[in-house]
Amino acid sequence: MLKELLREDRIILDMKAETKEEALKELIDVLDLPDDKKEILFKSLMQREILGSTGIGKGIAIPHSRSIVVDNITLVVGISKKGVDFEALDGKPVHLFFMLIATPNDPSMKYLSALGSIARVSRSIVGEGEIKTDFSSPKEVVDYILSHDHE
Amino acid sequence: MSNKEFLKKLYFLQDLDLLIQQVEDPQYTEKTGLQVSPDKVEELKRKRKEIAQELRKANPMMYQRYEMLRRKYGRGITRVVNRMCTNCFAALPASIIPTDEKIITCPNCSIILIWLE
Ligand SMILES: [Zn+2]
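First to last, the protein sequences are chains A and B.
Here the first sequence stands for residues 85 to 235, where the numbers follow my numbering.
Here the second sequence stands for residues 748 to 864, where the numbers follow my numbering.
The shape of chain B in the complex, shown without the other chains:
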């Protein structure tokens, strides 16, 4: 898996994680009255597990980092907007340039960074 594919899959995983977290929050149903099917949520969790396994296999270190950061910040990957990390809002040093050669992390908060034009 190329770095680009890895990152794309990783933020898809994060989307799933955010979704699962959201629908399992008791406040969600309380405030919105929206219902979800518990069976479908279980199905989604199985899908999540499959993608996670793929990512762990492709890049164990980055996957571990994602899980660690997710526990810390509630997310493990974030976008760079105007050369700023959107997790900690620190400006990135000029030495950091987007590249497909390696996966880049924030020097300040260590979150995994992704550039979307």
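Isolated chain A, as found in the complex:
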């Protein structure tokens, strides 16, 4: 599942963002979208964050939304070496972001299974202790994530 979603051109190796807003904008910027669509997407991701941070703790966040602006289920991965204050549940800075966007008409099971896979991989990554943030290429990030995708 994750394998199909991971794309090397949708990976940020060293994010500049320091705040939640900046992080979401930086992740959205990876997508080839006009500004008005980016704005819609940002609003919809923020709306979800208001309900409770998607910073699940131990340095990982999974911002997600269904949005009219994408044509397909879309995943962007971001690595932050210095960490972002994402108002995570445990208050710790976030070093690894999985931003998942699905179309409104996406059969909700596909979207949910993708979210479920990401949550599972995240648990496996934090289970190891430190999150790796030092990557020299997007391909390395993909391999790192997939090496934690056991199913």
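Calculated from the structure, these hints are not laboratory results.
If you're wondering where the values come from, they're calculated on a predicted model, not measured in any experiment.
Accuracy of the hints is not assured; some may be wrong.
Said to hold, decoys possible - No more than 25 Å apart at the CA atoms, straight line, and that leaves these computed lysine-lysine pairs for PhoX-like: (1) Lys223(A) - Lys87(A); (2) Lys127(A) - Lys787(B); (3) Lys751(B) - Lys121(A).
Put chain B with the ligand on the given structure of chain A with help from the hints.
Chain B with the ligand in isolation, oriented as in the chain A frame:
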């Protein structure tokens, strides 16, 4: 409210509806372990109601249609991509051209259509 503003607000409403539906799905928490604050969800529902009232006032017929379609398909408004309705995937007849003069609906499934470039 112009048609353009109405449509923009309407898909914002749909975004909220999808979000509420998602976080209230028991499978969501089960599969992802993600938590939401019930108070904030109630707050979001109040916001949803306000926007819905505004839309109902601006265009009662289209708002009704949105609610009816939402019950039927789970959504009431969809994008046109490559001249195709992304709800039923029917190609739109050549006579349908995007315009701000009126709100356009799909001749096949009757969903409200929006063009985003
Ligand atoms: Zn249609």
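Here is what the structure says about each hint:
1. Lys223(A) - Lys87(A): holds (12 Å)
2. Lys127(A) - Lys787(B): holds (16 Å)
3. Lys751(B) - Lys121(A): holds (15 Å)
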